[in-house]
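Protein chains: 2
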Amino acid sequence: MSNKEDGPTTIEGLVCPVPLTHNRKIVLGHGSGGKMSQDLISRLFLPRFDNPALRAGDDAGVVQTSEFDRLAISTDSHVVWPLFFAGGDIGRLAVCGTVNDVAMMGANPQYLTTGFILEEGVEMSVLERIVASMQAAAAEAGVQIIAGDTKVVQKGKADGVYINTTGVGIISPGISIGGACARPGDSVILSGPIGDHGIAVLCARGELGFNAEVLSDIAPLNHLVAAMIQSGKSSDPQNAIHVLRDPTRGGVATALNEIARQSKVAIVIKENSIPIRPAVAAACELLGLDALYIANEGKLLAIVKPEAVDRVLVTMRNSRYGEESVIIGQVQEAPQGRVLMETAIGSTRVVDVLAGEMLPRIC
Amino acid sequence: MSNKEDGPTTIEGLVCPVPLTHNRKIVLGHGSGGKMSQDLISRLFLPRFDNPALRAGDDAGVVQTSEFDRLAISTDSHVVWPLFFAGGDIGRLAVCGTVNDVAMMGANPQYLTTGFILEEGVEMSVLERIVASMQAAAAEAGVQIIAGDTKVVQKGKADGVYINTTGVGIISPGISIGGACARPGDSVILSGPIGDHGIAVLCARGELGFNAEVLSDIAPLNHLVAAMIQSGKSSDPQNAIHVLRDPTRGGVATALNEIARQSKVAIVIKENSIPIRPAVAAACELLGLDALYIANEGKLLAIVKPEAVDRVLVTMRNSRYGEESVIIGQVQEAPQGRVLMETAIGSTRVVDVLAGEMLPRIC
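Listed in order, the protein sequences are those of chains A and B.
No gaps in the numbering here: position 92 of the first sequence is 92 in my numbering, and each next residue is one more.
No gaps in the numbering here: position 173 of the second sequence is 173 in my numbering, and each next residue is one more.
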């Protein structure tokens, strides 16, 4: 490696497209889903692996496998710690996390693969519980786990169980949902209270110092999405739903920023409209956390055409996992790529993406 | 958990289909690709996740996504240690390993996803080298990496870099290749010398005590497979190639046993016909290893109709990564599910699957 701070970096005869002059080592923030993750993607992965599906920067890559089939494909490795917490576990998380990423492209998730990395010495009963939980979540989502792999590493070379899941879904003809499709005038819907997953995991770590009695919201959202698409269609055959995104790592703030940047629009949200359970708000207050940046695993953001928003909202409220849906904001033309929040006291502030790493290994 | 040694085990209200009475903890052998891996699959994963694609037990799951498209989907997590070794690295391994698993179903691999689990503190230059190697391997194979994910765990909770890749390939109409398709009378072709990958990795660990000058054989075999299928077609439109399998973890011995069991046939191989480089043979001798059980990452076994075998063999020998192809045996009716070897001294012995774990973290 060259030690120069600028100019292309030579790696074994290859020229690295962009010099990674800043972080010389991987830090926890590179896995945060926030600014440092985006940096790693844009400076390292994207220049090397560049292709239209990856460049789109959505929750899943969309490809056309034949004249007839469009697939959404997404992958996530799950390293949540601890493995079990109130409302869920790594198994339910691994299934739902990937099902949701596929569903956010308007696809119908059908197949999952699962890759386990196990630490030597893990109790078989722990693995049994996790696999049973995966089975239940897959049954609820209606997906099949069609391929798997298990690797075991020596004691001290992992932390119990890590699970990768990759999902494949089919996108029906005519559907066009993606992060770049938000348009000025659209409404922003949030499917329920935020921060539950992050606080439930922190609570299981004993980091709160008290029991917050918060359950993780982990849930498969594909049936909710299917109902939303159906209801959108009946009010407008031309794709009433423009964007879907699940605000996981980096939270609602980071997800909205990604959309604003991809769509080259501004998103304005109202602080008062964002639902947060009292126990979550109290835990955030205590720990100095902002719920807007906390990971959710059973919520989605939908950006919907104005003509369809009432109908879609009613459908969401009538669906499991969408009962507490609310409109939290609007899409505007400017300032492009920014998220603004009208605060409870009447001022407006910029909401940025997550910068470092707030809660490592939350998913 | 119940402590009973027999009867169904109750897990949080669910009944575990088969009591896992033997190993109460995960050991390295569960990741070997041999008998203990198969045990974990058949006792834990398969009863929970059961579906036709998974039950087939092939290198990739095959699904029909529409009237028109059949896909082969495969996943592998890579935990090889060390990350770099003669002839390859974890990046090339992660791309080729999954490309090959997809190709072994006769599919044309087109899309990969990649999930990184990084240990805090990994040098960015190490990750850059790995990603550059993945790019080169993907270009050689002609696949696109369309989705990715990066997680970072604390120092001491992983071992540098783990990489999951999942691959999706399209199976052309009329192709029917799978572990259950071997028929008595078929020939068994091996695409070249065995054991190179395993010995190259051991050498990089310094476990040999000398430099064996063996290069890992890691290579994408999809172009070789495409040429074989084309050549098989010209001699017989009805699927001249019955089975393809890459003998990775567990080696040639384990792969042939899987095929014999899936196809309910016997496979008889000739010890003299199996190519092994002198340096690999010497290293095996020294370490007391049997090359038949050592992982390969750029070799395949093909089980081919007698009428087509000459033509397929010529095609293989004219292809990159197939120049040293040889016929190593035949398929017979009995004894069902067994692999037999005619030894150099004229006797016949049973070749079983790998029992425990010979070389942990070889891939």
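Mixed in with the good hints there might be a few duds.
Copies of the same chain look alike in the list, so a pair counts if it works inside one copy or between any two.
Here are the computed lysine-lysine pairs in the DSSO-like style, where the Cα-Cα straight-line distance is at most 27 Å [to be verified]:
| id | residue 1 | residue 2 |
| --- | --- | --- |
| 1 | Lys25 | Lys270 |
| 2 | Lys155 | Lys35 |
| 3 | Lys155 | Lys25 |
| 4 | Lys233 | Lys305 |
| 5 | Lys305 | Lys155 |
| 6 | Lys25 | Lys233 |
| 7 | Lys35 | Lys25 |
| 8 | Lys233 | Lys155 |
| 9 | Lys25 | Lys305 |
| 10 | Lys305 | Lys264 |
| 11 | Lys264 | Lys35 |
| 12 | Lys270 | Lys35 |
| 13 | Lys155 | Lys270 |
| 14 | Lys264 | Lys233 |
| 15 | Lys270 | Lys305 |
Calculated directly from the structure, the hints in this document are not laboratory data.
Each hint tested on the structure:
| no. | hint | result |
| --- | --- | --- |
| 1 | Lys25 x Lys270 | neither (38 Å within a copy, 51 Å between copies) |
| 2 | Lys155 x Lys35 | between (33 Å within a copy, 21 Å between copies) |
| 3 | Lys155 x Lys25 | both (24 Å within a copy, 12 Å between copies) |
| 4 | Lys233 x Lys305 | within (11 Å within a copy, 52 Å between copies) |
| 5 | Lys305 x Lys155 | neither (53 Å within a copy, 46 Å between copies) |
| 6 | Lys25 x Lys233 | neither (48 Å within a copy, 51 Å between copies) |
| 7 | Lys35 x Lys25 | within (16 Å within a copy, 39 Å between copies) |
| 8 | Lys233 x Lys155 | neither (53 Å within a copy, 49 Å between copies) |
| 9 | Lys25 x Lys305 | neither (44 Å within a copy, 53 Å between copies) |
| 10 | Lys305 x Lys264 | within (16 Å within a copy, 58 Å between copies) |
| 11 | Lys264 x Lys35 | within (18 Å within a copy, 55 Å between copies) |
| 12 | Lys270 x Lys35 | within (23 Å within a copy, 58 Å between copies) |
| 13 | Lys155 x Lys270 | neither (48 Å within a copy, 40 Å between copies) |
| 14 | Lys264 x Lys233 | within (25 Å within a copy, 51 Å between copies) |
| 15 | Lys270 x Lys305 | within (18 Å within a copy, 69 Å between copies) |
Checked against the numbered hints given earlier, this structure breaks hints 1, 5, 6, 8, 9, 13; the rest are met.
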